[in-house]
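K.L.:
Protein sequences appear in the order of chains G and F. The opening position of the first sequence corresponds to residue 1 in our numbering, with each subsequent residue numbered one higher. The opening position of the second sequence corresponds to residue 1 in our numbering, with each subsequent residue numbered one higher.
Keep in mind that the hints are not guaranteed to be accurate.
[Said to hold, decoys possible] Computed cross-link-like contacts, DSBU-like style, restricted to lysine-lysine with a CA-CA straight-line distance of at most 30 Å:
(1) Lys46/F with Lys65/G
(2) Lys65/G with Lys76/G
(3) Lys106/F with Lys76/G
(4) Lys46/F with Lys106/F
FYI, nobody ran anything at the bench for these hints, they're computed from the structure.
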Amino acid sequence: EVRLLDSGGGLVQPGGSLRLSCAASGFNFVDYAMVWVRQAPGQGLEWVSTETGSDAYTFYTDSVKGRFTISRDYSKNTLYLQMNSLRVDDTAIYYCAKARGLLLEGWHFDSWGQGTLVTVSS
Amino acid sequence: SVLTQPPSVSAAPGQRVTISCTGSNSNIGADSGVHWYRQLPGTPPKLLIFDNNHRPSGIPDRFSGSKSGTSASLTITGLLADDEADYYCQSYDSSLTAWVFGGGTKVTVL
């Protein structure tokens with residue numbers, strides 16, 4: 001059974017940093033791209049970042065480029081999102097998800113973590 | 001949102017609802033697959049339909065998807081009270097180099 005366990009959220013002041021973690025189990029972690037998706041309070045889903053797996057390409061939505069870094073530790077089967085220079089509008093529940101599909105253009109997200117809440121406020 | 005969905009739809013139990021998802025030639029119209037998720041309050045999204053019209057194992061055939069041109073749709077037949085949730089479409093946009101979601105549609109069972 002695929003399991004994704006998100007953690008690392010919390011309250012941080014504007015300009016601060018947080019590192020989110022997503023512990024994965026139940027599948028071959030190296031074989032799958034992984035993503036972070038966020039959901040601001042009362043709002044819809046927003047893709048944040050993708051890490052493609054063994055070839056290690058990374059992609060980011062424009063609003064987080066230069067501030068967020070996605071990475072993974074294969075020895076720990078864990079995905080990370082390092083978030084720096086946090087802004088109030090980064091406040092959201094952050095979900096990690098496992099991507100699936102033959103081609104990048106067709107990737108969809110078939111398993112999700114439970115989410116971790118990041119609140120950016122002074 | 002890059003993909004446009006109606007904010008809400010409603011129907012009585014047992015009836016059918018269809019949710020539209022309108023994109024452009026850089027996403028749905030560019031042959032990127034369309035995928036659908038359901039999100040119950042306080043829970044993560046769950047994949048309902050992938051690659052336009054395929055259901056993951058365990059998803060009942062009351063849920064179906066279709067795509068034509070720059071639009072896609074999700075149809076739920078035999079509506080149940082448990083189908084009250086938010087539904088999101090998702091695709092890939094080649095111009096943005098980004099995976100994109102619709103704004104979400106709230107389904108209300110009357």
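K.L.:
None of the hints should be skipped; say for each whether it holds.
P.N.:
Results of checking the hints against the structure:
1. Between Lys46/F and Lys65/G the CA atoms are separated by roughly 27 Å; this keeps the pair inside 30 Å, and the hint holds.
2. For the hint linking Lys65/G to Lys76/G, the alpha-carbon distance of about 26 Å falls within 30 Å, and the restraint holds.
3. Restraint check for Lys106/F and Lys76/G: not satisfied, since their Cα atoms lie roughly 38 Å apart, outside the 30 Å limit.
4. With a CA separation close to 15 Å, the supplied pair Lys46/F and Lys106/F stays within the 30 Å bound.
Hint compliance for this structure: hint 3 alone is broken.
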